[in-house]
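Visitor: Quick note, the sequences are listed as chains C and S, same order. Heads up: the first sequence begins at 1 in this note's numbering, then just goes up one per residue. Heads up: the second sequence begins at 1 in this note's numbering, then just goes up one per residue.
Each hint should be verified, as a subset may be incorrect.
Chain S stretches covered by chain C per the calculated footprint, using a threshold of three residues with CB under 8 Å from any CB of chain C [as the list claims (entries may be wrong)]:
1. 183-197
2. 240-252
3. 267-280
4. 323-331
Partial pick of chain S residues on the chain C-facing surface, computed with a CB cut under 7 Å [stated by the list, open to error]:
5. 3
6. 111
7. 115
8. 229
9. 232
10. 256
11. 385
12. 388
The list that follows gives simulated cross-link-like pairs (lysine to any residue, SDA-like), each with its CA atoms no further than 25 Å apart [claimed, not checked]:
13. S/309 x C/27
14. S/320 x C/27
15. S/320 x S/270
16. S/320 x C/18
FYI, nobody ran anything at the bench for these hints, they're computed from the structure. Backbone N, C-alpha and C fix where the C-beta goes; we use that ideal spot for every residue, glycine too.
Okay, here's what each chain looks like letter by letter:
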Amino acid sequence: MTAPSHDSGPLQRCDDCGGFLPPQAAACPNCTASPSRLGSRLGKVALQAATGSAFAMTLMACYGAPYREPAVVERPPNSMCEDGWTDADSDGSCETNCADYAQSSAAPPGCEPTLTRASDDPVPDDPPPDDTPPPFPSDEE
Amino acid sequence: MTRRLDVVHATPQPRYVVWELTLRCDHACHHCGSRAGKARSVELTTTEAVSLVRQLADMGTNEVVLIGGEAYLHDGFLQVVRALRAAGVRVQVTTGGRGVTIELARAMADAGVQGASVSIDGLEETHDRMRNARGSFRAGLAALRRLRDAGVPISANTNVNRLNRHDLDALYGRLLAVGVSAWQIQITAPLGRAADRPDMLLQPWHLLDLLPRIAELKRRAHTDGVRIMAGNNLGYFGPEEADLRSIDPGGSDHFQGCQAGRHIMGIESDGAIKGCPSLQSRHYVGGNVRSRDLQSIWNDAPELAFNRKPAVDALWGFCKSCPFAATCQAGCTFTAHALLGRRGNNPYCHYRARDFAQRGMRERLTLVEGAKGAPFDNGRFTIMIEPLDADEPGLREPDELVQIRRPHGLV
Ligand code: SF4
Ligand code: SF4
């Protein structure tokens, strides 16, 4: 299979607004700056074209995961609890959340693990959650 | 770097694959494009899925993102992860996180999951409303912590719409606190259940404010070591395009056209193959691996090939005469199709909204044809042009925004 030709050439940048300029642009489509103001970017674009980076893209899809470098970010566990949440037993997990109280009679108000569905949701093939959904995590963090 | 690629000159190859392992789900989100809940009736077995892994590896797949439904609700979830890793393929998981216990998080780490992205769709009240389950927000954050503690690199993803567009700054603080290293933001497109809820959707002019705010947030996040990435349907070609699309500040990346069927592939849980997981199944499924080998579907199915030749001739409406058309080609295919019933013209575009705004106008989307109720289906909207400062009728309470509406009103 051959490579498709989507090559419309590298796009220049506008010095005024930072937007891209289409090939043969008479003016910036975003801010209407004239081409005489665009010259300083040309060298950068030529360099990108030479290295191929002007055509590079980070592959994504909307049901995918964001790009990140394949490396683990090391941070001390206790530094990561959000405001109002604590790692009281120093096990590296922040506690005091509804999930910890799921299925428990000690659940504070607002933490009842009730799945709600809009009563007026009549799309025939719009299935309810599976008949045996897993419970909320109720581990002993 | 497995995901950066010269997409213009490289030969089409399914390098980045998003695989719906099952449609079974423990959420029933109001905006779910696949209307997940129950498993499809004939999903790939574990044996079939593992054998598909070999075909993917042979075709040069670098990375697979396992989704659902909830991928972890497929019996063979961990086996598939192990098979992918053994074949040298990177494995990520995208999840709502509701069923991620400490044990599952550890098992995922042991099996070799190299990243997990948890869907967090706003602050607690908004997220729970959108995802149709009280406690879902807290369960999602708990999943992030459990995965992080198990050693799985964590990130988040958010569908932005009219309910949550003002939550983003505060939500960033919550995600930073829990330790995510990346955050993908995409627009809720009217696909599946979201197509039944048009009031939830952004109008094109909302991008005038939204995209600069996300670009600013991205700059701020960079100083925190968090990488915000614009999903493929968040764009295009406004002044912030390079900031939104580049990995690091100062970059000059921009949208290079939809990569569905060029370097991206989607697999549905029954073995159906599409150029992208979000594409409308009815129009874009090119075959099924149960009846045909993957390579021949990829090579020969016309449903996967629409991006492999310049698509400028297929553009219509505003996009046809857009100065960025040759590069952009109407942005995200599934989003354009979900809005207007076919690809080639995309009103969810920052440049386009700015162009209208400079002329004192804006485009309004109005639902004229409802979706039928199948996974990855769509309705159809029309575009009405009105003054930029026109009244915005129908501003409703949050609970009303997620109600089902048909073209002639509330169901
Ligand atoms: S108007 Fe269409 S072709 Fe032009 S930048 Fe926007 S989506 Fe792309
Ligand atoms: S349809 Fe949209 S999400 Fe899918 S590959 Fe194309 S641009 Fe990306």
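Visitor: Of the hints stated earlier, which fail here?
Guide: 6, 11, 12, 13 and 15
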